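Residue numbers (our numbering), protein chains in the order written: chain A, 1 to 400; chain B, 401 to 657.
Accuracy of the hints is not assured; some may be wrong.
Computed spacing ranges between beta-carbons, pair by pair [as the list claims (entries may be wrong)]:
| id | chain 1 | residue 1 | chain 2 | residue 2 | range |
| --- | --- | --- | --- | --- | --- |
| 1 | A | 125 | B | 470 | 42 to 52 Å |
| 2 | B | 522 | A | 127 | 47 to 57 Å |
| 3 | A | 92 | B | 541 | 48 to 58 Å |
| 4 | A | 287 | B | 487 | 44 to 54 Å |
| 5 | A | 288 | B | 567 | 40 to 50 Å |
In silico negatives: residues of chain A with every beta carbon more than 10 Å from chain B [said to hold, decoys possible]:
| id | residue |
| --- | --- |
| 6 | 175 |
| 7 | 188 |
| 8 | 200 |
| 9 | 217 |
| 10 | 277 |
| 11 | 289 |
| 12 | 303 |
| 13 | 322 |
| 14 | 379 |
I should point out that these hints are in silico values taken from the structure, not numbers from a laboratory.
Computed from a predicted structure; not experimentally measured.
We treat Cβ as the ideally placed atom computed from N, Cα and C, and that holds for glycine.
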Amino acid sequence: MKRNHWLLAVALPLLLLAGCGAKEQDLGAGAPTPTPEVQIEEPQTQVLRSTDSRSYYTQNIRYDLETMTARAWRPELPRGYQITGEGPVSDGQALYFVLTRPGESASEALARMPLEDGAVQILYECREHEQIGIAYTDGAGEYCKRPILLRSGERRCFLVHQWTEEDGNSTWLYAWDPASGSCEPVKRLGSHLRFWGEYQGRAVLEDSWEPEAGLFQLDAETGELAVLLSGENAEAADLFLGPPLLIRGKFVCAESYAADSADGKNQVNCLNLETGDIKQLASSEEGEPLVRIQDIWDGKLRVRDTEGDVWYVDCATGRRVENVLADENGMLLHIRAQIGEYYLIDVGSDRWTKQLWINEKGEPVYSYAPQNRLALIAKEDYWAGRPDYRIFKQEGEAAE
Amino acid sequence: MKQKLFTAAAFLAVFAFLALVLAAPLPLMERSDEVLYTQVMPRQLAADGQSAEARSIDFARQLYDRDQLLGIKNYAGSILRLTDEETLGDAPYRLYDFLGQMDFWGEEEQAELERQIANAPPPWRSASDNVGFSAWNLSTTWDGEHWFSLQWELSAEGQLVRMRMRTPLEYTGQDLEHLMDEYLAVTGLDALEDWQAREVTVQLAVDEQSTAVLRARYSTGAKLYLYANYVDGTLVFGVCPLEKEELDQLDVSLTEK
Chain A
1 MKRNHWLLAV
11 ALPLLLLAGC
21 GAKEQDLGAG
31 APTPTPEVQI
41 EEPQTQVLRS
51 TDSRSYYTQN
61 IRYDLETMTA
71 RAWRPELPRG
81 YQITGEGPVS
91 DGQALYFVLT
101 RPGESASEAL
111 ARMPLEDGAV
121 QILYECREHE
131 QIGIAYTDGA
141 GEYCKRPILL
151 RSGERRCFLV
161 HQWTEEDGNS
171 TWLYAWDPAS
181 GSCEPVKRLG
191 SHLRFWGEYQ
201 GRAVLEDSWE
211 PEAGLFQLDA
221 ETGELAVLLS
231 GENAEAADLF
241 LGPPLLIRGK
251 FVCAESYAAD
261 SADGKNQVNC
271 LNLETGDIKQ
281 LASSEEGEPL
291 VRIQDIWDGK
301 LRVRDTEGDV
311 WYVDCATGRR
321 VENVLADENG
331 MLLHIRAQIG
341 EYYLIDVGSD
351 RWTKQLWINE
361 KGEPVYSYAP
371 QNRLALIAKE
381 DYWAGRPDYR
391 IFKQEGEAAE
Chain B
401 MKQKLFTAAA
411 FLAVFAFLAL
421 VLAAPLPLME
431 RSDEVLYTQV
441 MPRQLAADGQ
451 SAEARSIDFA
461 RQLYDRDQLL
471 GIKNYAGSIL
481 RLTDEETLGD
491 APYRLYDFLG
501 QMDFWGEEEQ
511 AELERQIANA
521 PPPWRSASDN
531 VGFSAWNLST
541 TWDGEHWFSL
551 QWELSAEGQL
561 VRMRMRTPLE
571 YTGQDLEHLM
581 DEYLAVTGLD
591 ALEDWQAREV
601 TVQLAVDEQS
611 TAVLRARYST
621 GAKLYLYANY
631 VDGTLVFGVC
641 PLEKEELDQL
651 DVSLTEK
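So here's chain B without its partners, still in its complex pose (with noise of 0.2 Å):
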């Protein structure tokens, strides 16, 4: 009877011992798949995503994995930090070189540029990111009195992402076809054959004084969206990557509107 007893509890004791230490993990293993499932993967780069002729250019290459590893279309719209540097370093001069290749850009639109950029006083705003692109934003003036925002984005190699400029000069569609025409021939885009006109059909809350001319073209291979804009003395040009089904949402998405 007593070795019964004794081998029972010997039982009970073995079993409770292996329940514990099987068991403790548990939790913990559900926390950690907890942390795995909620936190921010990059995405798996989709080296097919683009086409061959696209991933041959490096602007068009560099756009579309930037988007695809960090998420990032462009800075338009983006929170820039501000920047305590007292000079803007060669942020300007590596702009000027890249509009210097253009011919649609002319002295007057230079000139502009320049004291726009002299206007503005620190500090600045800018951001970067890890594959070497980077924005600025200057709050500056042509009159001293009405402000506005000058804004442009970089790539590592110096190519021009987008811009925002106020401008006293004026543009027809005729002109932003022009304009388009040379940023795709500097920026190696130009070899892409796929470029389509799109009728942008978003409407912009513009007064009846206002002047709205949007001109826009996508490429299917590269998925690059491609716009030039003068709305209401802005001009605004720039590339953008969008997978097909992003651009269909430009007109219609499910946030409401």
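Just chain A, with the same shape it has in the complex (with noise of 0.2 Å):
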């Protein structure tokens, strides 16, 4: 008996001790990453954006829904050309963007590159005084323009504005018809037609030298341009046709100055499309910060006004949004883009990366830099001010 007991003595602080040492087990470790059911339909739309149904683009990321993971994207470019600061648009096929040649005079030209191969081709190549037409293709942006392009069928448009001695300045509608490889004009649109947005599925476009004649919506297949708000319509007309516009779904808002002011005073208008009702969503008075719209995302407006601040406004009840998804701070987490029933949003990251980078004269430069991170929300998670939300990670990097 006395033997049991010195080996009790022995073995239980033994196995004690084993525990001790024995790492904690991670709760989470274990647990399957909750994966997002994407299903995003293919949109039924003409004008093509910055997502398709798989992914979001910058002007050198790809952020792929399927992996959750960020990877450049760098495409073979012809000798001699460059690609602008302006990002893709994708068809879900290809994707398409603005190639410069610095040093020469006509040095646009419009390219494609087939997600799957990578092998650019160019589809357009501007002459002397001809520019693609390019616009913030999402909406109101904030990001890069982007060119305009719009399906018609298998067929692609875009915009050239032109100018010559003879004729002035004039914006074409072109087609790059991939059966037959070759771009041509279907027809003049305007003198120069301005893209501000998309309804029902067709880019709206006013002309700057008229603006007074109205906003008009392009149908890409046809290439006819329908009226879409007149300038008989006073009050509307003196709102909406000039200023910078932001159209989304069917609201279309615009900035408006007191013309007695001399500070400035402004205000911010909303036109619902489909009742004609005009509502005043936000206003400053004299000495107070100027209220600027910034974008809408399904029926509402974010501004922000000159010291800062930004809030959405419900652009049909005309009421501040509450509850929206903040960071600590208290800061409105931005918005990036959507796809189907989920936006992509700009988190906020404490990590700080080397970057390499070229400065203003052209020297390579070594610097830290904090990193931004994209995540994708449900769209009902961000209006409830839930958290709830996946990062990209970069590519290579660990899973966390």
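Got two chains here, each in a separate frame; can you build the complex from them with the hints?
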């Protein structure tokens, strides 16, 4: 019996100590990462955007929804060409972007890169005094302007601005036909057409030389322009024809400035294209910070005053939207783009990365910079303020 | 019975004592691991990172080793410290000595440089590292109205690493190639036989009235990037250690543009 006691005296502490040394089980480690059931329907719109049903593209990065990774995309460009600061748009099969040839007088070209093989083909080369039409095709943007590319069956249409001594300014609709591989002018649309967004899947354009003529919807299939907002509608024309516009869904928003104000006081108005109602959504009085329109997401207008405060206003009710997802400092998380029922948002990061970049004089510079990260969030979580999002990992980065 | 109780109590006491003594350092060990893993460690010097030919050239080796040891490629974009000294000391003369060795550097350039240094009021900014490289950044003007930044960086042996200077003179691509040839000759980097011209594909934010002439070469063996640019009235040239992968990143990186 005594012998057993001594055995116990040695074995028990050893067993217990073995337990102490064992690493505590990480409760989260074994749990499968929740995968959002990203089911994206192909958008029924003629206007191509920065997103397709699988990815979001910036000027140099592809954010892949399937793998939730960010990786650089780099086309092999024809010699002498550079990709411009403007980003690409996607039709799900290929990316379209604008190239330039520095130092050449006719320097722009529209390029297409199939996602499958990455071989760049030039669809259209501008002649002297020609430019490819670009705009914030995702809406007001704030990021980069992208080429205005329109679906017309298998054809892809785009705008070319021309200037000639004989005819002055003109904007042409061109179409690239993949079957023949050629680009042909379809129609002269006007003197200088500006793209402000889309309505019912069609590009909305305004002639900057004749804004009073109205807003037009372009049908890329036929090249026909249909009046969306007539200049004869005096109240709407006064507020919405001329100034920069934001068009998303059924809302058109613009800022207007009081003519009698020296310091400037302004207001933000939105027109409901379905009902014709005009609502004032925000305003500033003399001496207060001006209110600027930024973007509209699902009928909610994001405004920012000149002191930096950002908030959303419901375009239908005019009420401020509460409980929007914000960071720990109360700053609203910024929506970049939408894909189906999801938003792509910028989430801050405390990570700093060492980056190599070229400064404004062409020198390589190595410095630390905060790493911005993108995340995918369900729309309802964003508006309910629930930080239930998934961050895109960078290519090669170990799983967290 | 009493003895059994005593034995049991003794077991418990021994066990509790052992458990306490052996487990107590665990949290401290974890903390120590954490410190170990998060502290900044200098990278191991990769002596075989450069070719033997490159290692035989002092300046090429110093540039590469400085990057390996200290993580410094150059002081471009760095915030330099304000210098309280009343004089620049011999810093300008070390620069003049280097530039004087290049035929490219004519009397006009030298006079302009001296004028700019004379026009730069203190305090000046400078930085130096513990392998003897030092950089200067002077805010100066040529007409008392338009201010700009005059910058240079020298190695411990007085080799120019980089320079940025506003200039009323104009330079063509041919001039910049000439400058690079002479720079390589003066620094001894011309002994490297694998310098390859490199097309600079970055787009600078220059407007139509501006000029941007960019020239660059890369040595794969020495892992050095040589550049000479004339952008909007500013002459910039120098050499910078870059791994091949970093060179590729110059065109595209995961940093959003």
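Now the hints, each set against the structure:
At roughly 48 Å, the beta carbons of residue 125 of chain A and residue 470 of chain B sit within the given window of 42 to 52 Å. About 55 Å separates the C-beta atoms of residue 522 of chain B and residue 127 of chain A, a value consistent with the hinted range of 47 to 57 Å. Between residue 92 of chain A and residue 541 of chain B, the C-beta spacing of about 55 Å keeps the proposed range 48 to 58 Å intact. For residue 287 of chain A and residue 487 of chain B, the Cβ-Cβ distance of about 51 Å falls inside the hinted range of 44 to 54 Å, so the restraint holds.
A C-beta distance of roughly 47 Å is found between residue 288 of chain A and residue 567 of chain B, which places it inside the suggested range of 40 to 50 Å. Annotated as non-interface, residue 175 of chain A keeps its C-beta farther than 10 Å from every C-beta of chain B; the closest such distance is 29 Å. Consistency note on residue 188 of chain A: stated as away from chain B, and its beta-carbon is indeed over 10 Å from all of that chain's, at 27 Å minimum. At roughly 32 Å, the least C-beta separation between residue 200 of chain A and chain B is larger than 10 Å, which holds for a residue marked as non-interface.
The Cβ of residue 217 of chain A lies farther than 10 Å from every Cβ of chain B, with a closest approach of about 33 Å, so its non-interface assignment holds. Annotated as non-interface, residue 277 of chain A keeps its C-beta farther than 10 Å from every C-beta of chain B; the closest such distance is 39 Å. Separation of residue 289 of chain A from chain B is adequate, the least Cβ-Cβ distance of about 28 Å exceeding the 10 Å criterion. Annotated as non-interface, residue 303 of chain A keeps its C-beta farther than 10 Å from every C-beta of chain B; the closest such distance is 25 Å.
The non-interface label for residue 322 of chain A is consistent with chain B: the shortest C-beta to C-beta separation is roughly 31 Å, beyond 10 Å. Listed as outside the interface, residue 379 of chain A is consistent with that label: its C-beta sits roughly 23 Å from the nearest C-beta of chain B, beyond the 10 Å cut-off.
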